[in-house]
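Participant: All chains should be modelled from the sequences, with the hints used to inform the complete structure.
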Amino acid sequence: MEDTTPSADERPLVLLGQPLFPEFAAALAGRFRFVLVADADAATLAQGRALLIGLNPVTDDHLAALPALGLVAGISVGVNHVDLAACRRRGIAVTNAGAAFAVDTADYGVGLVVAVLRRLAAAEAHVRAGRWAADGDYPLTTKVSGKRVGIVGLGNIGSRIARRLAAFGCAVSYNSRSPKPSAPYEFVPAVRDLAAGSDVLVLSCALTEETRHVVNGEVMEALGKDGVLVNVGRGGLVDEPELVRCLQEGVIGGAGLDVFESEPDVPPELFSMDNVVLSAHRAVATPESIRGTIELVAANLDAFFAGKPLLSPVEL
Amino acid sequence: NRKGVALLAVVATLKLATMAAAGGKPAVLLLRPVDAPFAAALRDRFRVLDLYAPGQALPALAFVAAAAAVPEPPRATVIWGGVRVDASFLDAAPSLRCVVSTAAGLDHIDLAECARRGVAVANSGEVYSTDVADYAVGLLLDVLRRVSASERYVRRGSWAAQGDYPLGSKLGGKRVGIIGLGNIGSRIAKRLEAFGCIIHYNSRKPKDSVSYKYFPNVHELAAESDVLVVACALNKATRHIVNKDVLEALGKDGVVVNIGRGANIDEAELVIALREGKIAGAGLDVFEHEPKVPAELFSMENVVLSRHVAVLTEESRSDLRAHTIGNLEAFFSGQPLLTPVHADSLAQ
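Protein chains in written order, with this note's numbering: chain H, 1 to 316; chain V, 1001 to 1348.
Treat each hint with caution, since some may be false.
What the hints assert, rightly or not - Derived EDC-like pairs (lysine to aspartate or glutamate); straight-line CA-CA distance at most 20 Å:
1) Lys180(H) to Glu218(H)
2) Lys1292(V) to Glu1314(V)
3) Lys1244(V) to Glu1315(V)
4) Lys308(H) to Glu10(H)
5) Lys1292(V) to Asp137(H)
6) Lys1170(V) to Glu295(H)
7) Lys225(H) to Asp1266(V)
8) Lys308(H) to Glu288(H)
9) Lys1170(V) to Asp135(H)
10) Lys1292(V) to Asp135(H)
11) Lys1244(V) to Glu1224(V)
12) Lys1170(V) to Glu10(H)
13) Lys1207(V) to Glu1315(V)
14) Lys225(H) to Glu1315(V)
15) Lys1252(V) to Glu288(H)
The hints are simulated quantities; they were obtained by calculation from the structure and are not laboratory data.
Facilitator: Here it is, written out as structure tokens:
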């Protein structure tokens, strides 16, 4: 096969906000010249047109130091750690991981819904503790199929969650910034009303100033004592102390949480609850979709340097 | 002591005769515990001879014999999986013409013997099918994406202390081989299709109504699948249908999910295959010798275990009540049973 790797000089310069994850480095080192901002000399900083970031915050000050910057390329779906307003002011485009992780997150979201409603993790713990023979009856759980599911955020992830749960016979409705005419589900303008009409509330939207703490005490009261909250978005979407209180007091019936306000810290009160499924922010990925993300990031960078349309631009 | 048992038998027979004499309702022999709503619904319609009545101390077969001795003995019985309906059971209660089983499976009933004696058998139909299918998908997601393992990791404080938990594996695009495409298997297929899985199956005969790829035997199915789901009945043909060869054919990245019966899988070989990394993981709701679970599985992080709970939801419990009474009423009014089972037409 013809070696298409450009020589060192010809590779486009891409600044790095933080060191690359190993999988990215291995796959992309031959195609781009990566220089860490912290290690770059003044000339390099002045030349850098593209910045590849990780999960560390990107502030206006960071952007101010890179006068030639035209692109901030992210490797995650969420870009709430980037000062998007500053990017917009400075005419800098931002790309994210697009739909590369959407399938995995949607799969995991559904996995959490089933795990909470059917108490899979609790049943597991029960067996592993050797209690099957000792304990007699086991409590009944509740049927997944046919539940009313309210999805907050019907984007790449939410729409895939909807399709999967529809196959379980669930009735799906949703809230989004604006209704999606092509979606065959009922649009509900207020999250509180969505919660009131749902048995399961799934969060799969971006974290922005508008959506911070979108799930508060009032929404949880509306969801109700048999209602279940599943969060595969961002911890900040939920008022976490309120969530703990609502679970403790039985205001809601259970929760499946992949994200928290201050990861990796998890409110310790949750550890003693068996109607809660906790997860270490694993919804986002499988090795298969990491490979997909690497390709998407590379494609965005290639498109940028060739002056072509970006593949997964974030609306600023 | 024998005198005590004999006395108990007399008392029981007298009690039963009293129960049986009340009103003109047909007698039903109840051989499984039921919750209050179920008990009330049965008593509304039938004279219930209840093995689990408070104070009833006779063991099962003795109770059956006592019930058979009352005037107008019961012609129908409601049983669950713990009651073996075989020749000796039917000998003990010759008045029985109908067995209504609330279990999901039928492996506890000698269907041929019932057929020989003209005893009709009704099963639980589709009462459990949706819940079992939901649970199977949940188990598969749990195994592939390590939901329960991640749960344990977080609860013991390892996330903060040790960092990220290893990633799982993508579900979409996987070839899922379903053993048994009946009420449960077909619902599993429909759900997994929405995740982008490719459905393969084995059944006694191919099904014209589906477009999934059919495999005439489980070995070939396993060889061309990434996941094997056991969703078939337990009978002579399907005992240990997943054996050492099948597990080897499934391969080191393969995952097994069992929501059928423990004995559908050669459990000892399964444990070996997991221990030696011959397959990648398993989700198991059933075991060969419940409630015993092979202890070796407890130390494996790539295995998800549960205690035969796939049917246990509030909804299926109330559906079961309505369904059982429906079958009993059909029988007593001379109508066809809602969900009759014939010796040669086991659901698969």
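Participant: Hints numbered earlier in the text: which of these fail when held up against the supplied structure?
Facilitator: 1, 2, 3, 7, 8, 9, 12 and 13
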